[in-house]
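J.: What follows is the residue order along each chain.
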Amino acid sequence: DVKVTQSSRYLVKRTGEKVFLECVQDMDHENMFWYRQDPGLGLRLIYFSYDVKMKEKGDIPEGYSVSREKKERFSLILESASTNQTSMYLCASSSSDRDGYTFGSGTRLTVV
Amino acid sequence: AQSVTQPDIHITVSEGASLELRCNYSYGATPYLFWYVQSPGQGLQLLLKYFSGDTLVQGIKGFEAEFKRSQSSFNLRKPSVHWSDAAEYFCAVGEDTGTYKYIFGTGTRLKVLA
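Chains as they are written, first to last, in this note's numbering: chain A, 1 to 112; chain B, 113 to 226.
If you're looking for bench data, these hints aren't it; they were derived computationally from the structure.
Check each hint, because a few of them may be wrong.
What the hints assert, rightly or not - Now the in silico label distances, taken between C-beta atoms and shown as ranges:
(1) 80/A - 225/B: 26 to 34 Å
(2) 12/A - 226/B: 31 to 39 Å
(3) 12/A - 181/B: 29 to 37 Å
(4) 129/B - 14/A: 41 to 49 Å
(5) 189/B - 86/A: 44 to 52 Å
(6) 126/B - 28/A: 39 to 47 Å
Claimed, not checked - List time: in silico DMTMM-like cross-link candidates among lysine to aspartate or glutamate, alpha-carbon distance up to 25 Å:
(7) 213/B - 28/A
(8) 13/A - 62/A
(9) 213/B - 17/A
(10) 55/A - 26/A
(11) 53/A - 197/B
(12) 223/B - 166/B
(13) 57/A - 26/A
(14) 213/B - 127/B
(15) 161/B - 69/A
(16) 213/B - 30/A
(17) 3/A - 62/A
(18) 3/A - 51/A
(19) 173/B - 69/A
(20) 13/A - 51/A
(21) 213/B - 62/A
(22) 213/B - 38/A
(23) 213/B - 51/A
(24) 13/A - 99/A
(25) 70/A - 56/A
(26) 3/A - 120/B
(27) 180/B - 38/A
(28) 70/A - 38/A
(29) 161/B - 62/A
(30) 161/B - 30/A
Glycine residues also receive a C-beta, built at the ideal position from the N, C-alpha and C atoms.
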């Protein structure tokens, strides 16, 4: 079964910490995405990547960066965590526009 | 700019009743359209998709959706709801421009009464 795996289901971090959220897919997909999900706001795109070492800003990139050193791994980095980054973070991958995304199970991050 | 609207934030139906979840989109050409379901604490699972051809598409778990270009709608339906269908449902739209980005609606939370 194809999978997108997010390394942590729950994380609690302190304000100002540098936080790494890891995502690995085993489908050989070129495209990977990071979204955050907040009640009433749906899913908002943070960053995405078309290929190794490629990255593009989404709609809400401020306070985040990403890294894609290998095709299967796409990391989201919170440079200095703040309480307004408390959210559910969802990683997804896809092979084409038409196929839809495969999502990971999500990481619920709480910044205190 | 593209947009997706799910007008209903919450919907409650009785088990065995029919269901229709609404989705309207704004896009100039024929978009790629998707419905996803999210169970509590989980990621999103693809229910069905449309990009061309027959405007009535069948998906998993007994769901179907109909693309109506004249109404810019892609409503999700199920003839008989089961208690396990209680979840949040998201409509999404993508472009045929190679950007691979989707725009998601804000979701409809479905409650099923026994």
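J.: Hint by hint, note whether the structure agrees.
T.: Results of checking the hints against the structure:
1. 80/A - 225/B: 26 to 34 Å: 46 Å, violated
2. 12/A - 226/B: 31 to 39 Å: 36 Å, holds
3. 12/A - 181/B: 29 to 37 Å: About 47 Å separates the Cβ atoms of residue 12/A and residue 181/B, which means 29 to 37 Å is violated.
4. 129/B - 14/A: 41 to 49 Å: Once the Cβ atoms are compared, 47 Å apart, the range 41 to 49 Å for residue 14/A and residue 129/B holds.
5. 189/B - 86/A: 44 to 52 Å: With a Cβ separation near 36 Å, residue 189/B and residue 86/A fall outside 44 to 52 Å, so the hint is violated.
6. 126/B - 28/A: 39 to 47 Å: 44 Å, holds
7. 213/B - 28/A: Distance ~18 Å between residue 213/B and residue 28/A Cα, so the pair holds.
8. 13/A - 62/A: 18 Å, holds
9. 213/B - 17/A: Status violated; Cα separation ~30 Å.
10. 55/A - 26/A: Roughly 19 Å separates the two Cα atoms, so the pair holds.
11. 53/A - 197/B: Cα-Cα ~40 Å, so violated.
12. 223/B - 166/B: 30 Å, violated
13. 57/A - 26/A: Holds, because 24 Å separates the two Cα atoms, which is no more than 25 Å.
14. 213/B - 127/B: 35 Å, violated
15. 161/B - 69/A: With a Cα-Cα distance of about 31 Å, the restraint between residue 161/B and residue 69/A is violated, given a limit of 25 Å.
16. 213/B - 30/A: 13 Å, holds
17. 3/A - 62/A: 28 Å, violated
18. 3/A - 51/A: 18 Å, holds
19. 173/B - 69/A: 37 Å, violated
20. 13/A - 51/A: 30 Å, violated
21. 213/B - 62/A: Holds, at about 18 Å.
22. 213/B - 38/A: 19 Å, holds
23. 213/B - 51/A: 14 Å, holds
24. 13/A - 99/A: 35 Å, violated
25. 70/A - 56/A: 16 Å, holds
26. 3/A - 120/B: Violated, at roughly 31 Å.
27. 180/B - 38/A: Roughly 29 Å between the alpha carbons, so the hint for residue 180/B and residue 38/A is violated.
28. 70/A - 38/A: Since the Cα atoms of residue 70/A and residue 38/A sit roughly 29 Å apart, the hinted pair is violated (cutoff 25 Å).
29. 161/B - 62/A: 31 Å, violated
30. 161/B - 30/A: Roughly 20 Å between the alpha carbons, so the hint for residue 161/B and residue 30/A holds.
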